[in-house]
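Heads up: the sequence shown begins at 1 in the working numbering, then just goes up one per residue.
Among the hints, a few may not be true.
[Claimed, not checked] The following label-pair restraints were derived from C-beta to C-beta distances:
1. 341 / 274: 50 to 56 Å
2. 396 / 47: 35 to 41 Å
3. 33 / 401: 23 to 29 Å
4. 230 / 311: 48 to 54 Å
5. 427 / 193: 47 to 53 Å
[Claimed, not checked] Each computed SDA-like pair below joins lysine to any residue, with the alpha-carbon atoms no more than 25 Å apart:
6. 37 / 416
7. 448 / 398
8. 37 / 142
9. 37 / 78
10. 443 / 420
11. 73 / 411
12. 29 / 54
13. 37 / 26
14. 410 / 259
Hints were generated in silico from the structure; no laboratory data involved. Everything numeric in this text was worked out from a predicted model, so none of it was measured. Yeah, the Cβ is synthetic: ideal placement off N, Cα and C, and Gly gets one too.
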Amino acid sequence: MNKLIINVLCAFLFSTVAFSQTINDLINKVSLDSLVKTVNEFSGEVPTVVNGNTVTISSRISNNNDVAADYIKQKFQQFDNLTITDQVYSANGRNIIATQIGKTNPNDIYIVCAHYDSVTSYCADDNASGTATVLEIARILSAQCLDNTIVYALWDEEENGLLGANYYATQASNNSANILGVLNIDMMAHDGNNDNNFDIDVLPIANSIAMKDDLLNVLSTHGFNLVVNVVNPGTEYSDHSRFWNNGYSAVLVGESWATSDRTPHYHLPTDRIQYFNLPYYHELAKFIFAYMVTKGGLVNVDNTITASGSTLTANQSSATYQWYNCDTDMAISGATNQSYAPTFNGTFAVEVTSGTCTERSECTLFNTLGLSSFNSDDIILYPNPVENELKIELKVGGEVTMSLFNISGKLIVTHTLQQRKNSINLKDVPSGVYFVNIRTSQKTGTYKIVKE
Numbered sequence: 001m002n003k004l005i006i007n008v009l010c011a012f013l014f015s016t017v018a019f020s021q022t023i024n025d026l027i028n029k030v031s032l033d034s035l036v037k038t039v040n041e042f043s044g045e046v047p048t049v050v051n052g053n054t055v056t057i058s059s060r061i062s063n064n065n066d067v068a069a070d071y072i073k074q075k076f077q078q079f080d081n082l083t084i085t086d087q088v089y090s091a092n093g094r095n096i097i098a099t100q101i102g103k104t105n106p107n108d109i110y111i112v113c114a115h116y117d118s119v120t121s122y123c124a125d126d127n128a129s130g131t132a133t134v135l136e137i138a139r140i141l142s143a144q145c146l147d148n149t150i151v152y153a154l155w156d157e158e159e160n161g162l163l164g165a166n167y168y169a170t171q172a173s174n175n176s177a178n179i180l181g182v183l184n185i186d187m188m189a190h191d192g193n194n195d196n197n198f199d200i201d202v203l204p205i206a207n208s209i210a211m212k213d214d215l216l217n218v219l220s221t222h223g224f225n226l227v228v229n230v231v232n233p234g235t236e237y238s239d240h241s242r243f244w245n246n247g248y249s250a251v252l253v254g255e256s257w258a259t260s261d262r263t264p265h266y267h268l269p270t271d272r273i274q275y276f277n278l279p280y281y282h283e284l285a286k287f288i289f290a291y292m293v294t295k296g297g298l299v300n301v302d303n304t305i306t307a308s309g310s311t312l313t314a315n316q317s318s319a320t321y322q323w324y325n326c327d328t329d330m331a332i333s334g335a336t337n338q339s340y341a342p343t344f345n346g347t348f349a350v351e352v353t354s355g356t357c358t359e360r361s362e363c364t365l366f367n368t369l370g371l372s373s374f375n376s377d378d379i380i381l382y383p384n385p386v387e388n389e390l391k392i393e394l395k396v397g398g399e400v401t402m403s404l405f406n407i408s409g410k411l412i413v414t415h416t417l418q419q420r421k422n423s424i425n426l427k428d429v430p431s432g433v434y435f436v437n438i439r440t441s442q443k444t445g446t447y448k449i450v451k452e
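All chains should be built: construct the whole structure from the sequences, respecting the hints.
Written out as structure tokens, the structure is:
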């Protein structure tokens with residue numbers, strides 16, 4: 001094991017200018033690590049925590065999948081700006097639906113959906129892949145203000161005859177819901193010959209053909225490394241067809257059955273994430289996200305901040321502001337101006353309200369106290385990259401505090417270091433880039449690590 005002395009990142013987020021997020025910026029937030037983590041948990045490859053209990057989602061078969069439904073509901077509850085509906089429609093049927101109300105056209109509705117039930121264990125491609133993508137889109141878009149309403153829907157009992165989607169679509173039709181488009185995802189992670197082909201299944205019902213054309217325009221505009229097969233007439237053997245039956249525009253997006261490149265593990269317990277084509281899966285998820293953010297319509301609110309000297313400034317002008325301490329997720333009393341000068345070290349965000357739209361910035365790690373930096377051999381962190389245990393050796397005295405932040409500046413964990421040699425358990429921390437801030441009353445240092 002090699003010990004690595006990591007250079008202190010003296011300027012980490014301390015004098016950074018961030019710019020208003022574009023559609024391309026948001027597309028780049030679609031995280032393969034996040035998708036893989038969700039698929040691993042949802043398909044039962046690894047344990048997860050649901051309602052405070054450590055569980056393994058060993059079954060998503062419709063008569064025994066309440067834990068899976070609770071997992072989805074819990075995921076949605078972690079996101080902002082969503083109204084969650086736990087739609088129980090029969091003894092075994094339970095749709096989980098999250099709605100993000102549009103700020104300009106709340107009655108104009110677009111749906112992105114997938115079924116979450118399965119026919120046997122694992123079923124990673126069919127359809128944990130689609131479920132994870134819907135959750136990932138909700139994770140990113142729920143933090144944005146949108147012109148139109150987006151419904152993130154995860155259906156039950158697709159495998160029993162499209163029952164969950166049928167219930168929702170029938171109810172929507174009975175209530176004259178103004179659904180302008182339904183994008184259904186069913187199996188999207190297999191590309192056996194690496195040709196990047198995928199299918200759009202469509203029928204000339206309502207404006208489904210125009211919806212397909214919009215998807216092709218998104219594909220061309222953003223230059224995704226994908227090859228499209230338009231299937232017309234498209235299959236009716238997935239949830240989108242229940243919206244066709246009720247006169248709504250809908251398409252199916254998924255791996256290329258049109259070229260006979262479906263997973264060979266279809267409806268088998270060998271359908272596991274180890275057989276995913278991960279670059280293909282990631283690219284297709286980004287494409288679907290691009291369509292949904294385009295149809296949602298970004299409201300032009302700049303939720304970024306500039307950090308300079310001892311001051312944080314919201315980049316959006318002519319708005320109302322509330323600054324937050326991200327370490328506690330509490331509003332800072334009196335901090336309601338466009339600029340804020342923190343009086344203590346920490347991570348901060350601003351909530352910006354412009355018209356009817358409220359957005360919160362990402363958290364920014366900020367050092368205002370002018371503490372001097374550690375010497376290069378005062379702090380030793382290893383191994384880097386780290387898998388489970390991060391070792392921290394100290395050559396400084398006094399009370400020492402260690403804080404771990406993700407790439408967005410969000411506090412993940414904090415510890416008081418009381419030994420010369422310390423071990424920090426990172427086993428349950430997702431893979432990615434992190435920053436370790438170590439500070440005493442007189443010195444501070446921030447170190448970059450990679451969690452594998």
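We went through each hint and held it up to the structure:
1. 341 / 274: 50 to 56 Å: holds (51 Å)
2. 396 / 47: 35 to 41 Å: holds (38 Å)
3. 33 / 401: 23 to 29 Å: holds (27 Å)
4. 230 / 311: 48 to 54 Å: holds (53 Å)
5. 427 / 193: 47 to 53 Å: violated (37 Å)
6. 37 / 416: Violated, because 29 Å separates the two Cα atoms, which is more than 25 Å.
7. 448 / 398: holds (23 Å)
8. 37 / 142: Given that 25 Å is the threshold and the Cα spacing comes to 19 Å, the pair holds.
9. 37 / 78: It holds: about 16 Å lies between the C-alpha atoms, which stays within 25 Å.
10. 443 / 420: Measuring from Cα to Cα gives roughly 17 Å; hence the hint holds.
11. 73 / 411: With Cα atoms ~24 Å apart, residue 73 and residue 411 stay inside 25 Å; holds.
12. 29 / 54: Roughly 28 Å between the alpha carbons, so the hint for residue 29 and residue 54 is violated.
13. 37 / 26: OK: residue 37 and residue 26 at ~20 Å, within 25 Å.
14. 410 / 259: With a Cα-Cα distance of about 44 Å, the restraint between residue 410 and residue 259 is violated, given a limit of 25 Å.
Hints 5, 6, 12 and 14, counting from the list given before, are not met by this structure.
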